[in-house]
Structure formats: structure tokens, C-alpha cells
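Chain order of the listed sequences is A and B.
Taking my numbering as reference, the numbering of the first sequence is continuous, increasing by one, and the terminal residue is 570.
Taking my numbering as reference, the numbering of the second sequence is continuous, increasing by one, and the terminal residue is 391.
No lab work stands behind these hints, which were simulated from the structure alone.
In this text, all values refer to a predicted model and were calculated from it rather than measured experimentally.
Hints are not guaranteed to be accurate.
Far from chain B, by Cβ distances over 10 Å, these chain A residues were calculated [what the hints assert, rightly or not]:
(1) CYS41
(2) ARG59
(3) ASN118
(4) GLY120
(5) SER124
(6) GLN125
(7) THR155
(8) ALA299
(9) SER388
(10) LEU444
(11) GLU489
(12) ILE523
Output of the computed footprint for chain A on chain B, the stretches with three or more beta carbons under 8 Å from beta carbons of chain A [what the hints assert, rightly or not]:
(13) 300 to 307
(14) 346 to 359
Positions of the beta carbon are idealized from the N, C-alpha and C atoms, including for glycine.
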Amino acid sequence: MVDGKAQKVQEDRPLRKHETGNAILTCDGQGLKRLLGAGTAWLERHTDAINSLNVFPVPDGDTGTNMLLTMQATLEEIANSPEHSVSAIAHTAAHGALMGARGNSGVILSQILRGVARSLDKKGEFNASEFASAMKEATATAYKGVIKPVEGTILTVVREAAEAAVTAAAEEEDLRLVLEKVVNEAQESVAKTPSLLPVLAKAGVVDAGGQGLFIILEGMLRYIRGETVEVDFALETAVDLHLPSEGEYGYDVQFIIQGQDLNLEEIRDTIAAMGESTLVVGDSATIKVHIHTEEPGTPLNYGASIGSLSKITVENMQEQYQEFILSQAQSAVTSEEICDIATVVVAQGPGFARVFESLGASAVVPGGQTMNPSTEELLKAAEDLQTDQVIILPNNSNIILAAQQAQRLSKKNIRIVPTRTIPQGVSALLAFNYQADLDTNAKVMERAAGEVQTVEITIANRSVQLNGVDVKKGEVIGLLNDTLAASGSSPEQVIEEVLRQMKAEKYEIITIYYGEDVTQGEAETLAARISQDYPEQEIELINGGQPHYLYTISAE
Amino acid sequence: MMEKTSLGKIEVSPTAIASLASRAVLESYGVVGMSSGSLGSGLAELLRRDSHKRGIEVRLEGNEIIIDLYVIIEYGTRISAVAHNIMSNVKFSVEKSLGVPVAEVNVHVRGLRVSSED
Numbered sequence: 015m016v017d018g019k020a021q022k023v024q025e026d027r028p029l030r031k032h033e034t035g036n037a038i039l040t041c042d043g044q045g046l047k048r049l050l051g052a053g054t055a056w057l058e059r060h061t062d063a064i065n066s067l068n069v070f071p072v073p074d075g076d077t078g079t080n081m082l083l084t085m086q087a088t089l090e091e092i093a094n095s096p097e098h099s100v101s102a103i104a105h106t107a108a109h110g111a112l113m114g115a116r117g118n119s120g121v122i123l124s125q126i127l128r129g130v131a132r133s134l135d136k137k138g139e140f141n142a143s144e145f146a147s148a149m150k151e152a153t154a155t156a157y158k159g160v161i162k163p164v165e166g167t168i169l170t171v172v173r174e175a176a177e178a179a180v181t182a183a184a185e186e187e188d189l190r191l192v193l194e195k196v197v198n199e200a201q202e203s204v205a206k207t208p209s210l211l212p213v214l215a216k217a218g219v220v221d222a223g224g225q226g227l228f229i230i231l232e233g234m235l236r237y238i239r240g241e242t243v244e245v246d247f248a249l250e251t252a253v254d255l256h257l258p259s260e261g262e263y264g265y266d267v268q269f270i271i272q273g274q275d276l277n278l279e280e281i282r283d284t285i286a287a288m289g290e291s292t293l294v295v296g297d298s299a300t301i302k303v304h305i306h307t308e309e310p311g312t313p314l315n316y317g318a319s320i321g322s323l324s325k326i327t328v329e330n331m332q333e334q335y336q337e338f339i340l341s342q343a344q345s346a347v348t349s350e351e352i353c354d355i356a357t358v359v360v361a362q363g364p365g366f367a368r369v370f371e372s373l374g375a376s377a378v379v380p381g382g383q384t385m386n387p388s389t390e391e392l393l394k395a396a397e398d399l400q401t402d403q404v405i406i407l408p409n410n411s412n413i414i415l416a417a418q419q420a421q422r423l424s425k426k427n428i429r430i431v432p433t434r435t436i437p438q439g440v441s442a443l444l445a446f447n448y449q450a451d452l453d454t455n456a457k458v459m460e461r462a463a464g465e466v467q468t469v470e471i472t473i474a475n476r477s478v479q480l481n482g483v484d485v486k487k488g489e490v491i492g493l494l495n496d497t498l499a500a501s502g503s504s505p506e507q508v509i510e511e512v513l514r515q516m517k518a519e520k521y522e523i524i525t526i527y528y529g530e531d532v533t534q535g536e537a538e539t540l541a542a543r544i545s546q547d548y549p550e551q552e553i554e555l556i557n558g559g560q561p562h563y564l565y566t567i568s569a570e
Numbered sequence: 274m275m276e277k278t279s280l281g282k283i284e285v286s287p288t289a290i291a292s293l294a295s296r297a298v299l300e301s302y303g304v305v306g307m308s309s310g311s312l313g314s315g316l317a318e319l320l321r322r323d324s325h326k327r328g329i330e331v332r333l334e335g336n337e338i339i340i341d342l343y344v345i346i347e348y349g350t351r352i353s354a355v356a357h358n359i360m361s362n363v364k365f366s367v368e369k370s371l372g373v374p375v376a377e378v379n380v381h382v383r384g385l386r387v388s389s390e391d
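The following block holds chain A by itself, in its conformation from the complex (with noise of 0.2 Å):
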């Protein structure tokens, strides 16, 4: 405020009353998890209107189902939580993103989620230009993901709706009026993306994506403005039959319609007028209609009268509602659902689990500070899951006889790919097959895990001569596939030389996993020393935050 009156005023008042009315200056994390919640709730209303604006036949392209599913996920991740902090709720949510990404447009809504939670780091409660910031953030992120980021799609009213809200933000301190600002830039957006992408503006729609981020903003703004999106919060309660009110029963019509010189105007406008939520998209030849109506007849017998019908779907939405519903209360896990071979996977760090997750990892059971899990630890895990078969990868050999007396006391089909170190585990998951069968698995990824080689660096705890290598305790040792290789005064020192052994410059990749007692600047600092060393190879560096083990090196 650069009024020095106006100064004066605000702080006279108490401290969330504004001059106007009730504004809204901050949020905390109990607010944020309810916003997501009527963005998802007013995205559910709309999904198939999203689906409809599918361009591409791809399989799993319902662009509209996989943002909700994945909206759901993160929901279900921060329902239990009673966590006020608006950096613990932002944070469980960009895991839930993460974890139950489905399609193109799930991984990208992760990726926003993961910039707002990364912005939001730390903080109790967001305000406009935090909330802006957040907004940047997650723009920025989401536009890392990719090497040629396409406009006219979900990226283009991202961006755009942040660079709104940072405009906004510097007027206005209620979130209402900065959150409305945001959605209006967003439809704008979304309405120009036709000009932006020559292949939409041929199907005459705009972009999916865009759509549905653009209903997520417009969800909050309604419930942050008290209007209602029948929001259900219990998602606890795995089966509530919620039904769509106002009129949402009826049928899902749709129908290709095929003829010559089809007047398209005329057409949608006669169509619309038969029921809700109509799409009618094409040219003189060919026109796709969507309808929902209670009467489906009506647009079919139209259409039928004006050309040759094809590809006729009549479903009856309330039926399909409750089966949506019904099947996503059965399906607990987030992962694959099309396998049933689980996996259980062992890690020492939280960033190993995290890659670990990400590689589809049906369980992952953490090490500790012992590193090891015990057998009941391990059988527990496999227990859980819903699959018969499982696959332990105990990325340890001294794990390895728990996973054995894990498999004996289970009752379930249990192999164990004898991992004996992290990137073992990681090269057998790649090379994890959800069509192959228990065997096949076993055996390819037992072969992949061979083909790793691995270096831990660590401290020696007593001095022994080994292999011709002189050890004093306290020294840097390093292990090449679990045999000690060489040792030295400074963790680079060994790493050389034990990579120098490998003869790396045989290898494509190699990936550096730095353990909690290194922090980011050395590990940085590693890599490119590495690097230099050797410019044919890739060079990726990873946070395992693995304790005792300052490096875990890979190389494939």
C-alpha cells in the first residue's frame, strides 16, 4: 500500500475484516485441501464434456477421466490428513498427483501440483502474491517436462492463468478477486487455443487439457464465492452413491452422421436444442454429434433423417455414474491395475523410494537406519497387496535371507530377483513386464540387475588389507559390486579410481545417488567432476538420501 492513509486504516481494523466485506487475505492447508475438493467436484460434473473435446483416438486419450482420476488420487491422499499447514497438505497432494497420474494431461495436472507444493514449501498459509507465486511455480515446472512444449494446450492457459494472477496480485489482496481474475484469463485462454493448434481449430473445439484445468480454477472460485459444486469430502467412505442432481440422469447419445452437404449450423442447432452438454463438430460430409438427452430417440431419428448414422452409442448415464463410482471404490491400489504380479521393493532413503514409486513399484518397504527390514516387515508388504504373485527385489545381500524366509511363511507365489544393491534394483524394475508371466519376469530381470554395475562409496570402520587394498579405519572405501575395490582419503579420490577400474567409458549411463551425509553442493560438485572425466557418458545425479552410504554409483 503506498497511500500512507490507507496505511493507517488497515491497521486500526482487526486483522481479516476489509473494508468492502469479508475478503479472504490467506488460506491454510485445511482450505486448500477443500479447494482441491470442489475443483475435483466440479471437474467430475464436467468429464464428459471434456472427453468429448478429445481430438486423437488414442487408447487412454479421455482426457477428461484421466484429470479426474487423477484428481481423485491426490484427493484420497489428503483426506485423512489433519495436517494445517498449507506446505504438508501441498506436499501429500503433489504425492498423490504423482501417484496416480493416469494420461497425458494426469502426469502434466503432477506437475503442477509439484511447483505450487515446492513454492509453498515450508509455508502455514498462502496469500494473492503467494498464491501467484505458487501459480509461477507450477508453470514452470510443468513446462521443464518436456523438450518441445506444444501451445494451445493446457501449457499455454497455465502459464497465462499465472501471469493473470500475478498481475492481479499486485492490486489486490483478497483471493476471491485475485482467484476470479485467474479463471477469467484461463477461459480466455482456453478459447484462443484453436488459433494456437491448426488441428483443433479443424475439429472446432478447444483444447481438452486446457478445458479441464480451466473447470478446476473455476470449481474454487465457486466454492471460495460460496456457490455450490456438491462437493463430497468423505472420500474415507469408499461408496457413496452421490447422485448428479439437476436433471443429469437421461442418456449419453452419440453418433456420426454421414451424408452430403450437411448444413453444420443448422444441424447443431437443431441438436442442441434436444438436451444438455451438446457437441457437434465436423464438416459437410461427416458430423460427430454428443448429446445428453432423456429422450435419445430424438436426436437419432433427426439424424437419421439427414444422413447415414454410424458409430451409435446410447449409454444411460446414471448407471454409468454409479458403476464410476463403484469401480473406483474396488481399485484401492494406484498403480497398474491390468497386472497381477505385484512387486516389493527395498530402499535405503526416501529419494530411492521416491524413483522406486515412480517406477510403478507395488510396495516399497523402507530400509532405516539398519537398512534392513525384517522378515515380518517384508512378508507384511507382500501380504497387503491384492496380487498373488509377488516379486521381492531386497536391493541388498544381506536382505536377501529375509526375502527367503519371507517367500517360505507366505502362502502367496513369491520370487526373489537376488538384488544386491540399489541400482540392481532399479535396472531389474525397468525391466519389469506387466504382460510376462511370474517366470519370465523373474528371469529378465535378474539379467538386467546382472548387467548393473555398482560402487558404493562409505567409511571403513576398521582397518583390514583385502584384495591387495590397504584400508585404514576411517578412510573412504569404495565397493565395486560389493567387493572392496580401493580406498583413499577423499570420496572423489576413490571414485575415480574405482571407476577408473570399471573402465566407465565402456558404459552409456551412469547415475550418481547421493546418500544424507553429503549435501547438494558436493554431490553437484562430484558430477561434473565426472562429467569432465567423462564427456561420452550421461551423467545423472540423484538425491537417494541413503544413510552410511555417502555415494551409490551406477553404471549400465
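Given the coordinates of chain A, assemble chain B onto it according to the supplied hints.
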């Protein structure tokens, strides 16, 4: 890949198919890099001139087109969703341009890239 028409033959080389696939992959969300596929292909690497086609292998088995992609994916995304998306995009783009079905699109995740602020 070869198609016989009444006027003659249309032949599309694997390299051309790779170029078609390349665009689709680079536009696929979640892909942040491409990596060369086969191990020990030192000589082949030297001969391959176009860096953007690196990481794409096209094989023709009889009449079937099989595409192998070697990609680096953004750490923090759901890898299985990204991989499925790549497959759909590539299959759709190549089939649309060639008019011939693609039998297989295999995605090999060669690595994960962490963006700097993580």
C-alpha cells in the same frame, strides 16, 4: 517399408520413419532427453549424424514396423503414464503419416533427469 501401387513402388526407409517418430517423442510430455540404445555400438554412434534421431531404432520385420525408443524421463513424474503416452503419440503420428500400422512401440527408460531445483 514398401508399398506397391499401380504406378510403381513407395519405399520408406527406417531413417525416415525414425524422423517421424522423433518429433512425436520430443513433444511427448515427460521426455527430457534421448539416449542411444544399443550397448557397444561405438562405430554406429560415430556414423549417426543426426543427434535428434539418437535414441530411436526402427526395425522392419517382414511387413511389421517395430520402433524402439530410448528416453530419459523427468524425475518426479509417473513414469508408466509418461511411457504409455509416448507409445500412443508415436504410434499415432507414424501411422497417420505412413498410412501403415505400427506393430510395436517399445519404450526403454534409460534414465531419469532431476531438474535443478529439486
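Tested hints:
1. CYS41: 24 Å, holds
2. ARG59: Label holds. Min Cβ-Cβ 24 Å, cutoff 10 Å.
3. ASN118: Non-interface label fails for ASN118 (chain A): nearest chain B Cβ at 5 Å, not farther than 10 Å.
4. GLY120: For GLY120 (chain A), whose nearest Cβ neighbour in chain B is about 6 Å away, the distance does not exceed 10 Å, so it is violated.
5. SER124: 6 Å, violated
6. GLN125: 6 Å, violated
7. THR155: Incorrect as stated: the minimum Cβ-Cβ distance to chain B is 7 Å, not above 10 Å.
8. ALA299: Holds, because the least Cβ-Cβ distance between ALA299 (chain A) and chain B comes to about 19 Å, which exceeds 10 Å.
9. SER388: Nearest chain B Cβ is 29 Å from SER388 (chain A), so the label holds.
10. LEU444: Non-interface label on LEU444 (chain A) violated, nearest chain B Cβ at 6 Å vs cutoff 10 Å.
11. GLU489: 30 Å, holds
12. ILE523: 5 Å, violated
13. 300 to 307: holds (count 7)
14. 346 to 359: n = 11 at 8 Å, threshold three: holds.
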